[in-house]
Amino acid sequence: MTAAEDTLFFAGADGTGEAALHIELDGWEGPLDLLLDLARRQKVDLRRISILDLTDQYCAYIARAVALKLELAADYLVMAAWLAYLKSALLLPRTEAEEPSPEELALRLQLRLQRLAAMREAGARLMARDRLGRDVFARGAPEGLRVERRSVWECDLYALLCAYGTVRRRGEPVVHCVRARAVMPLDAALARVAKLLGVSPGWRELRSFLPRGGDWAEPRLARSALASSFVAALELARQGRAEIAQDAVFGPLLLKARAA
Amino acid sequence: MSDDLARAVEAMLFAAEAPMREAEISAHLGGAPVAEALRALVADYASRGIHLVERGGRWHFETSPDLAHVLRRDREEPRHLSRAATECLAIVAYHEPVSRAEIEAIRGVQTGRGTLDVLLEAGWLRIAGRREVPGRPVIYATTPAFLSHFGLASRRDLPGIEELRAAGLLEPVDAVLEAAMARGSDESAGDRLAETGQSA
Amino acid sequence: MSDDLARAVEAMLFAAEAPMREAEISAHLGGAPVAEALRALVADYASRGIHLVERGGRWHFETSPDLAHVLRRDREEPRHLSRAATECLAIVAYHEPVSRAEIEAIRGVQTGRGTLDVLLEAGWLRIAGRREVPGRPVIYATTPAFLSHFGLASRRDLPGIEELRAAGLLEPVDAVLEAAMARGSDESAGDRLAETGQSA
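Top line first, the protein sequences correspond to chains F, B and U.
So for the first sequence, my numbering puts the first residue at 1; every next one is plus one.
So for the second sequence, my numbering puts the first residue at 261; every next one is plus one.
So for the third sequence, my numbering puts the first residue at 461; every next one is plus one.
None of these hints come from the bench; they were simulated from the model.
No experiment lies behind these values; they were computed from the predicted model shown.
Do not take every clue at face value.
[Unchecked claim] To give a feel for the contact side, a few chain U residues facing chain B, derived at Cβ under 10 Å: (1) Arg467; (2) Val469; (3) Phe474; (4) Ala476; (5) Ala478; (6) His488; (7) Ala503; (8) Arg508; (9) Asp526; (10) Ser559.
Virtual Cβ for every residue (Gly too), placed ideally from N, Cα, C.
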């Protein structure tokens with residue numbers, strides 16, 4: 001602390017005071033840091049420190065810094081104001097139900113200083129330990145341990161046989177058989193519907209135009225005949241050779257030849 | 261051991277990033293003669309897991325040669341054989357001995373060198389010589405390890421083509437799939453067909 | 461020494477590039493229990509220039525601290541830590557896990573992002589999750605590398621941690637304050653206030 005003391009009580013002793021104070025302010029990390037330094041100067045246990053003395057020292061210090069026109073961070077000034085308030089509260093007769101009490105505020109400040117001092121001390125002790133890479137050293141050139149990964153391949157007989165099956169299938173020539181499906185082509189339907197329309201004078205249901213019996217009983221062929229005949233009917237209507245009527249939705253489709 | 265010089269030499273060689281000459285060690289210790297300390301250390305470590313050795317005039321610690329195996333650890337990692345490798349293995353098993361060209365002809369796909377390497381490494385294939393044709397290609401065959409891994413007494417235990425066919429393994433994928441689907445959704449498929457019939 | 465297991469452990473820790481957990485050592489040796497061997501080695505090396513030490517549950521060899529002066533020559537001093545960083549490190553080590561706000565509450569000053577970054581980069585601090593309070597602040601803790609760098613077997617070995625704990629200096633101000641205020645004006649508080657009054 002002696003170095004800090006020197007700078008604090010520079011009082012122009014060596015003519016470099018102004019600069020020293022400036023540097024010193026840079027060196028303090030905030031008001032709490034400065035307060036701890038001042039408290040240490042009381043050379044008593046932090047638990048027995050006088051908050052009032054501390055306040056006076058801090059305020060005097062800040063006042064001096066201001067007189068030297070040094071720029072002070074706002075939080076130094078806030079702390080100064082707060083300490084001045086704390087001092088007045090401690091000195092004035094107690095007002096009723098003041099929360100928090102000035103004693104509590106003083107105690108809180110003291111506890112905070114103790115904690116900061118404890119951590120500063122702890123940090124110093126930590127740094128003074130025998131440190132790896134500074135005081136003690138690990139092996140300079142370790143060979144290193146190697147973990148060699150070895151694959152254990154997994155495969156079972158079923159997978160093997162499936163694979164062989166796949167290979168054999170792939171090797172077989174691929175033959176595509178497209179079976180001709182029995183349908184009624186549109187041309188045939190057109191011819192058939194046109195012919196039947198010509199021989200029937202009135203309305204006739206579309207279904208009555210369909211061929212029956214034999215192969216036509218097969219459902220898929222029957223469906224094809226119905227679809228083709230319907231398209232044929234639409235085509236004839238478009239050509240003006242037939243008329244189509246349907247009385248109800250999904251009702252029977254009626255067909256009639258149109259007088260040309 | 262209480263000899264401070266030997267302790268210093270010991271620590272220095274331990275922390276050194278490269279082997280050190282006797283003169284270097286001595287220079288670090290203010291010129292103290294270190295030959296005696298080195299000799300003492302060699303003796304100290306003779307029966308330990310670490311030895312102090314001199315190589316080409318430079319000293320360093322190294323692990324005892326008989327412990328090389330503990331510095332290396334094998335870890336087994338189970339891995340599934342790739343489809344390509346499984347197919348190659350199957351082809352060799354059914355057709356051995358075969359060359360790579362023959363495997364490719366049967367698979368209908370090019371086969372990477374790595375695929376066969378995996379099977380050689382797994383110990384399931386071996387190189388069974390060379391085929392006496394132009395180019396003398398290497399031919400492959402299966403190993404006893406292959407038989408025992410797959411639980412086969414001999415290659416004759418591999419199911420024949422007819423058996424594979426019976427097991428459905430040779431049917432085209434579509435047919436097998438269709439059959440499976442039909443079997444799987446019997447009643448619902450039936451319903452659907454009946455419906456279609458009506459609506460026609 | 462003729463114990464093969466101890467020799468193997470010795471060689472392994474000697475060759476390892478990083479400190480090893482007892483379980484890792486054991487795994488490398490096929491699961492053999494190594495606690496006994498480690499104890500024997502610690503004793504073997506106690507008076508040598510190299511020591512076997514445990515730091516945060518991990519074992520490694522390092523040079524004896526009393527030989528620092530021999531070895532430090534022509535080695536670069538590890539980067540000097542700023543006062544802010546030293547304080548942060550101490551606060552995290554003694555209070556872990558802590559948030560940045562908690563560090564700042566103790567230091568009474570804002571902590572630049574860079575200060576914690578330096579410690580994270582050095583590998584001495586790690587982010588240990590988030591505190592489940594509003595804002596979910598990140599909390600910091602020390603690493604095994606911190607313990608090994610500062611030669612600590614565990615956080616219990618932090619200098620003076622027991623005394624600090626006993627004195628309540630590791631508890632938040634609020635907690636201690638409440639207790640102190642609840643005690644009311646016991647003698648020490650009375651003294652202090654009397655003193656304060658006098659000095660005014």
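Okay, the hints, checked on the actual structure:
About 4 Å separates the beta-carbon of Arg467/U from the nearest beta-carbon of chain B, less than 10 Å, and the hint is met. For Val469/U, the suggested interface contact is upheld, since its CB lies about 7 Å from the closest CB of chain B, less than 10 Å. Annotation: interface hint on Phe474/U holds; nearest CB of chain B at approximately 5 Å, less than 10 Å. For Ala476/U, the interface hint holds, the least distance from its beta-carbon to any beta-carbon of chain B being 9 Å, beneath 10 Å.
Contact between Ala478/U and chain B, as hinted, is not supported at the beta carbon level, the nearest pair being about 14 Å apart and thus beyond 10 Å. For the restraint placing His488/U at the interface with chain B, the shortest Cβ-Cβ distance is roughly 5 Å, inside the 10 Å limit, so the hint holds. Proximity of Ala503/U to chain B is violated relative to the hint, the smallest CB-CB distance being about 13 Å (cut-off 10 Å). Interface hint status for Arg508/U: upheld, as the beta-carbon distance to the closest one in chain B is roughly 6 Å, under 10 Å.
Of the supplied interface hints, the one on Asp526/U holds, with its beta-carbon coming within about 8 Å of a beta-carbon of chain B, less than 10 Å. Because the beta carbon of Ser559/U sits about 38 Å from the nearest beta carbon in chain B, more than 10 Å, this interface hint is broken.
Figure legend: structure checked against the earlier numbered hints; hints not met, in rising order: 5, 7 and 10.
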